[in-house]
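A.B. asks: Each chain, letter by letter, is given below.
Number of protein chains: 2
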Amino acid sequence: MTTSMRSPAKIAVIGLGSMGYGMARNILKAGHETWGADINAARVEALQAEGAAATALAEAAPTLDAVVTVVLNAAQTEAVLFGEDGIVPRLRKGAVVVACATVAPDFARQMEARCAEAGVLFLDAPISGGAVRAASGELSVMASGSADAFAAARPVLDATSATVFELGDSAGAGSAMKAVNQLLAGTHIAAMAEAMTFGMTQGVSPELFMKVIPQCAGASWMIENRGPHIVDADYTPRSTVDIWPKDLGIVMDIARSAKFGAPLTAAALQQFLAASGSGLGAEDDAAVAKVYARNAGIKLPGDA
Amino acid sequence: MTTSMRSPAKIAVIGLGSMGYGMARNILKAGHETWGADINAARVEALQAEGAAATALAEAAPTLDAVVTVVLNAAQTEAVLFGEDGIVPRLRKGAVVVACATVAPDFARQMEARCAEAGVLFLDAPISGGAVRAASGELSVMASGSADAFAAARPVLDATSATVFELGDSAGAGSAMKAVNQLLAGTHIAAMAEAMTFGMTQGVSPELFMKVIPQCAGASWMIENRGPHIVDADYTPRSTVDIWPKDLGIVMDIARSAKFGAPLTAAALQQFLAASGSGLGAEDDAAVAKVYARNAGIKLPGDA
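Residue numbers (the numbering used here), protein chains in the order written: chain A, 1 to 304; chain B, 1 to 304.
No wet-lab data here; the hints were simulated from the structure. Quantities reported herein were computed from a predicted structural model and do not represent experimental measurements. Virtual Cβ for every residue (Gly too), placed ideally from N, Cα, C. Each hint should be verified, as a subset may be incorrect.
[Unchecked claim] Computed footprint of chain B on chain A, listed as stretches where at least three residues anywhere in the stretch have a Cβ under 8 Å from a Cβ of chain B:
no.: 1; segment: 180–191
no.: 2; segment: 201–210
no.: 3; segment: 217–231
no.: 4; segment: 256–267
Make a model of the complete structure from these sequences and hints.
C.D. replies: So this is what it looks like as structure tokens:
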């Protein structure tokens with residue numbers, strides 16, 4: 001009576017933003033019976049138009065195999081799992097929650113324990129890769145949880161991800177690695193913006209910067225990924241400025257709890273706050289370069 | 001009467017530290033008549049034992065084709081070129097100075113102009129790659145200068161370098177790109193140390209960090225190059241902590257002159273100053289992680 005991992009599962013995705021919607025579509029494409037939920041009803045209807053179940057999630061809950069939470073933060077994760085109308089109390093025993101938001105490791109451990117009280121499995125599964133890879137089903141997942149949680153989450157992971165890092169047998173390790181990665185990713189974006197605009201004050205054009213630096217010791221993944229956005233003056237949001245006050249804020253909260261001083265992260269956070277505060281929050285995160293350019297009185301590519 | 005670029009040239013290397021000595025050896029191996037100069041006579045004698053000319057540099061100066069300066073900074077570069085016993089006034093017209101120290105672009109332009117007054121060519125040629133690549137003849141050179149300066153410097157570049165970025169037709173552009181690269185390289189080392197030790201407070205071991213992060217958006221060249229030093233507790237200096245107060249200091253000097261605020265670089269500089277000030281200056285620059293570990297009360301690999 002074992003269920004093949006390839007047989008269709010019943011899966012709900014809560015949070016249909018740019019990440020969650022892409023994941024839900026890929027779960028749907030993989031042949032699973034899929035429910036979507038979002039505070040924005042239009043997103044739910046759009047997913048239904050692509051084939052998602054039209055029945056109420058509340059009614060379907062006891063039949064679900066997996067619930068994927070792709071909401072903004074810890075508060076929203078807790079609300080959708082355990083708040084008023086939270087889904088965990090309605091789930092069957094052995095169903096799994098796949099929690100994808102960037103949260104503190106301690107919070108992930110709390111959620112795992114509270115799910116366990118309800119007989120529900122929990123996979124600490126923050127995701128990385130941005131909306132483009134969410135859409136293509138090629139996310140990276142920094143996951144930790146019990147072997148049962150991994151097994152139950154397998155249809156979700158298979159449908160949405162290219163790489164699953166299995167980081168430990170209980171919640172917390174996944175979120176810890178995600179926080180480490182976000183610390184670096186955010187800091188490297190700000191460093192890229194700082195270096196590129198600094199170079200402009202010395203006659204190094206963004207184009208020349210992108211020709212030389214990726215071949216040198218100053219290279220980073222973020223330079224190669226975000227640098228072209230500045231060269232092309234293309235701030236179409238693939239990942240927004242506003243991700244970083246949130247994610248670097250989480251990193252700084254964790255760091256403060258651990259009495260860990262993180263001066264570079266703190267400086268990067270300030271630059272993203274300045275970007276967000278000056279109205280750039282919904283632009284691509286490479287727009288943090290505009291803060292530097294404004295402060296230095298220089299014009300970026302595309303500036304009048 | 002053109003001289004083939006492959007015919008032996010007469011070349012002096014001033015400054016026989018870990019970078020300069022490796023370059024001088026490779027110039028020697030390429031078959032050029034080579035002079036070495038250093039305040040440490042033992043370094044000069046060691047080079048002579050490997051085949052460098054034993055005649056006095058002062059006497060040889062009028063016959064030299066190229067002088068390579070591989071000293072610590074702008075002050076030493078100016079001293080060896082134009083100070084008491086400076087070499088430029090003794091050089092023949094058409095000889096070239098290949099200036100490898102990390103300096104401000106304005107300083108490089110000044111040196112080019114003063115060399116020109118003496119009929120001497122100048123290549124702004126800061127180097128990158130560390131002592132290992134200096135020894136193997138595989139440096140990267142961020143070079144700018146006239147076509148004549150590049151042509152005259154060719155035997156030096158060919159003998160010492162794997163990659164020569166030709167960044168412009170006058171001095172300054174090379175040093176500008178070097179400063180940009182050093183901003184990023186130093187900041188990325190400090191960010192790596194910050195992220196790795198932050199991770200340790202959350203249960204992410206340095207080994208696990210190195211397995212996961214190089215495959216993620218937080219990746220950098222410095223993580224892949226310096227991270228293993230921390231995992232292996234190997235602080236044998238390939239590039240020392242003390243490089244960074246110097247090079248990030250130069251970046252911050254240039255930035256201040258340009259009224260450019262560089263908050264991440266400033267934060268990284270403070271961490272390297274703390275490393276140097278607490279006695280780690282001669283260790284490998286990955287030892288900046290020890291500052292974070294000490295401040296957070298955590299033990300790095302190899303700590304008792």
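A.B. asks: Do three or more residues of the segment 180–191 of chain A come closer than 8 Å to chain B, measuring C-beta to C-beta?
C.D. replies: With 10 residues in contact (Cβ-Cβ under 8 Å with chain B), the coverage given for the segment 180–191 of chain A holds.
A.B. asks: Taking a Cβ-Cβ distance under 8 Å as contact, does the segment 201–210 of chain A have three or more residues in contact with chain B?
C.D. replies: With 6 residues close enough to chain B, the hint holds.
A.B. asks: With a cut-off of 8 Å between beta carbons, are at least three residues of the segment 256–267 of chain A near chain B?
C.D. replies: It holds: at least three residues are needed, and the segment 256–267 of chain A offers 10 whose Cβ sits within less than 8 Å of chain B.
A.B. asks: Are there three or more residues in the segment 217–231 of chain A whose C-beta lies closer than 8 Å to some C-beta of chain B?
C.D. replies: holds (count 8)
Taken one by one, the earlier hints all hold for this structure without exception.
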